[in-house]
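Residue numbers (this note's numbering), protein chains in the order written: chain D, 497 to 834; chain C, 386 to 725; chain A, 7 to 439.
Some clues are possibly wrong.
[What the hints assert, rightly or not] The calculated lysine-lysine pairs, modelled on DSS-like cross-linking and capped at a C-alpha distance of 30 Å, are:
{"hint": "1", "chain 1": "D", "residue 1": "Lys678", "chain 2": "C", "residue 2": "Lys661"}
{"hint": "2", "chain 1": "C", "residue 1": "Lys661", "chain 2": "D", "residue 2": "Lys602"}
{"hint": "3", "chain 1": "C", "residue 1": "Lys661", "chain 2": "C", "residue 2": "Lys591"}
{"hint": "4", "chain 1": "D", "residue 1": "Lys678", "chain 2": "C", "residue 2": "Lys507"}
{"hint": "5", "chain 1": "C", "residue 1": "Lys507", "chain 2": "D", "residue 2": "Lys645"}
{"hint": "6", "chain 1": "C", "residue 1": "Lys505", "chain 2": "D", "residue 2": "Lys817"}
{"hint": "7", "chain 1": "C", "residue 1": "Lys591", "chain 2": "C", "residue 2": "Lys505"}
No lab work stands behind these hints, which were simulated from the structure alone.
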Amino acid sequence: MKADTDTSARRPNQRPELAAIDDETMRGVLRKMHLIRKFEEAAEASYMRGLIHGTMHLSIGQEASAVGATLALMDEDYILSTHRGHGHCIAKGAEPARMFAEFFGKENGYCRGRGGSMHIADVDGGNLGANGIVGGGLPIAVGVGMSIKAQKLDRVAVVFFGDGASNEGAFHEALNMASIWKLPILFVCENNKYGMSMDIGRAMAVPNVADRAVAYAMPGVVVDGNDLPAVAAVAREAAERARAGGGPTLIECKTYRLRGHSKSDRNLYRTKEEIEEWRSRCPIRRLEAELTAHERFTPEALMTIEEAAQAEIDAALDFAKASPDPDPKDLTRDVYAD
Amino acid sequence: MSTLTEAAVESAVRELTYAEAIREALAIAMEADERVFLFGEDVGVYGGAFGVSGDLVHRFGTERVIDTPISELGIAGAAVGAAITGMKPVLEIQFSDFVTLAMEQIVNQAAKIRFMFGGKAKVPMVVRLPGGSGTGAAAQHSQSLEAWFAHVPGLKVIQPSSPHDAKGMLLSAIDDPNPVLIFEHKLLYKTKGHVPEGDYRVPIGKAAVRREGRDLTIVGSSIMAVRTAAAAQKLAEEGIDAEVIDLRSLRPIDFDTIAASVRKTHRLMVVYEGVKTMGIGAEISAMIAESDAFDFLDAPIVRLGGAEVPLPYNPVLEKAAVPQEEDILAAARRLARGDA
Amino acid sequence: MPVEVILPKVDMDMETGSIEAWKVAEGDAVKQGDILFEIGTNKAVMEVEAPASGIIRNLVPASGEPIAVGTPVAWIFQEGEEAGAAAAPSARAPSRSLTPGEVAQPGGPPSSSVTPPAPTPSPQGGGETVARTANGQPASAKSDGIRATPLARRTARLNGIAIDEVSGSGPRGRITEKDVLAHLAKAHPPAPAPVAARAPAEAPTEGELVPFGPVRRIIASRLSESMRVAPHFYMTAQMDMSALQALLKRVGPRIEKMTGVKPSLTVLLARVVAGILPRHPMLNASVEGDAARLHAAVNIGIAMERDGDLVVPVLRGAEGKTLAELTRDFRRLREAVVSRSIQPADMRGGTFTLSNLGMFGVDSFTAIINQPESAILAVGRTVDTPVGRHGEIVLRPMATFSLSSDHRIVDGVTAARFMADLREAIEYPEVLL
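Next comes chain D alone, as it looks inside the complex (with noise of 0.2 Å):
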């Protein structure tokens, strides 16, 4: 924190949750939010032009649950991601010229073009790994919790995941488990409303999934999953709790996501209007017009920040479309470890 340069805290009438995060660090958020915002833009392009194979589950629109969940970690923390993970990934540091690489099948893609967009992972980076099965990750956030516990390391894990999966048995086992052995876990829940095409509301009885935390004992926080500062705040206490042994929290992230389920989504189950009145939502320009208003950036110093993450994305591109294809003779590579 450079406090000479840093305004945050001479500007009047902020929210708390604003006034916490500092200029610098808030670079870096938007950095992040852009870097992703257009690197799923990119990626789409990318897909209609035909240069990706597979499909890709885009995360556009739901940016600050991703970057605000992982606001409070450290660079030894892990994170779990899901099918629609390119957000958490980029949230947790990860370069977007490998991923670009890795979306392209290449070889010095994250994982050398055997995983693509739904299994990019950087385990160096404390990123275990985006998800195809959805829940999939959250029993392997309780083992990921044991192991931090056992080896007595200062570390939390995130794990995140979507609405649906809170309707899987394994969102259940974990959260149970989570909380006997008092895990430092935060479940983080992006209920961006639809699994696949089904309304939350038909596919759960309760209206929050954070209520269901009062089975497992343990906190469970609803959020504005498009207001970056009120997602990092929440996300901030889950984890000091967690590292000081208080045991996991459920958090709800109420977003949205613009584009369709996969790149195959014809949106039949959601109106235009509904779509329309969520883009106005969007969590980018709801904080960048909130650091305007309370005089934190300039308009000109916020383009400058969103045309270098462009600028990073178009390099990440070139990367990628450069990148050397794997050798099909080393097809079985890594199937077993030695």
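Here the structure of chain D is known, so what remains is to put chains C and A in place on it, guided by the hints.
This is chains C and A only, laid out in the frame that chain D set:
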């Protein structure tokens, strides 16, 4: 000097049950490596549903011998999570049948993480699975599901048949940087055999020739290796010289040992408890048929596997549903005589 | 599909039967249950009924020749079914396979019954390998419809035999390796067309023709196979038997007390050989493809005679047995041979064979290796012979030992070392202690 000799003699004759041998392996591994821990349903003060963990909780404490809720999917996932972050979990699934509840974590996660992550992670976990019929536990507590897992690249699947191998293979499994599933036949837990003291390893992926013979090759897995060895003894008295191969490891499978034997005896029979179709026998038969050992077959391959039926409760029916020694004898006689 | 008519098993222990007479002819229409032919066994002549209704095709003519149980001897076709649709029956009848390009002639003589349905000639003159049969005739290796094991096919291929010339003795006429070897034994040297005892009058009939019994057939095929595949070489040495004679005299009565039977010189020799064989692994080995299988156990076959046939029961695990144990084993085997209750398994698994003809006054002889073993030791009689000892001529009980070895895996020096060791053990049996 003399004490050493006495100790050596005692060690040479020392007999343990299969369950004790596994417990001893666990204790050795936990003493040698703090990262090793045992967890599962009722493995603590109860001592495990089959008494395998026994007193380990008293020796290593509740932080290393951990009772879990009845959450098979959850605990399987927990093993994965602990394994990728530096621990060496040993998970007991109380009855191997319950692994159906944990398939997702074992098949989609444990087996694939290393590959999906481009070799950037290791999943050094062991899952212990008591399986098999013969205890009257009926259809949901008696299955032999090992072939399912042997179908999955990224997993290793082993089936030791003796106390000696159970200890040595479990120690190898705990040391292995990959997920290893060890299927322990419930009827074997009380069988006794020579088990050396201390730490030793029996390699994963290597079959054992239990008896050399000329007339036919019988490959048996798990308890069927035991029944096959007993049958071979009787066959020898009848003048049929059977070579007995204890498969021990399904993935990786020791094809070379089987093929070499078939080239010698020209006749092959595979005995396994899992349901006959699409099982171990199919794989071994197909591998022989695809290899140059095919040209050395002088009779059709015989598979003796479990009946196409859920395991029945009634003891007579239960026995009828899986190969017994008499079945092995009869089939071997037919094959050796050329009537198969 | 046409229905096959097989030579059925109509008696216990029946391995072969002969067609004495057909009651129907090629092309006849038959009804299920009609009598097709008479089958001869060593006990009686029985009638065989049609298993289905239809037209008789491809029947194997009656010859009185033994045919293996389960061999198809005719096919019953349905009305309108193409004759070529059936697999040709394999038969003992003189066979001639089609050369590539030759067209099967429907209605041709049934003796050319081994006709695969019109092979498609390829530009190269046949898609399949054309092997030469033993008598030099090209034979189509095409073998559709023939039941044969992979090993039988491989053995046939390596020996240039068309598999469809071989009669199968297995279930449903399946040809196994044994059948191919038997066929091979018959074909080497090229035999004239088989002539049965009830052959037509114009066949040469000087002297009595005794058909081989089943055991003799196996002997014939095994021994000719051995001479064919294994390059034999021989090594002979005279050895002083006085120490063994003394030993027999000393321990004989004790062993007789223990086992009820006196140990014979043959058993004692088996014991001596078993004692040294572990040091000579190549002589306790068998050839497997391109490799030598070295046996851990020493199983000594003892050549015996029974009603004119050669049988070789096996003393198992001889390397670990005492003379008394071997004597007991030997007695059991001999009794089983004499009472004809010997089981095939008692004659399997040998790793080395001992043949002692000394009791017939034979001085020396050479033996044919009992495949797949690598050596056989032939023992002549023990006779007092003048020999030089320390510059003097003395009479010593000497016997001649002849070792036949398979040169594929045993070299001269290897065999010589064995013989030196054998002499040491025979002349100083104490070294075995």
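Structure-based check of all given hints:
1. Under the criterion of a C-alpha separation no larger than 30 Å, the hint pairing D:Lys678 with C:Lys661 is inconsistent with the structure, at around 46 Å.
2. Proposed proximity of C:Lys661 and D:Lys602 is contradicted: the alpha carbons are some 43 Å apart, above 30 Å.
3. Distance restraint check for C:Lys661 and C:Lys591: the Cα-Cα separation of roughly 23 Å lies within the 30 Å cut-off, and the hinted pair is therefore satisfied.
4. For the hint linking D:Lys678 to C:Lys507, the alpha-carbon distance of about 26 Å falls within 30 Å, and the restraint holds.
5. Distance hint between C:Lys507 and D:Lys645 is fulfilled; the C-alpha atoms sit about 20 Å from each other, no more than 30 Å.
6. Of the supplied pair hints, the one linking C:Lys505 and D:Lys817 holds, its CA atoms being roughly 22 Å apart against a limit of 30 Å.
7. Annotation: proposed proximity of C:Lys591 to C:Lys505 holds, straight-line Cα distance about 28 Å (limit 30 Å).
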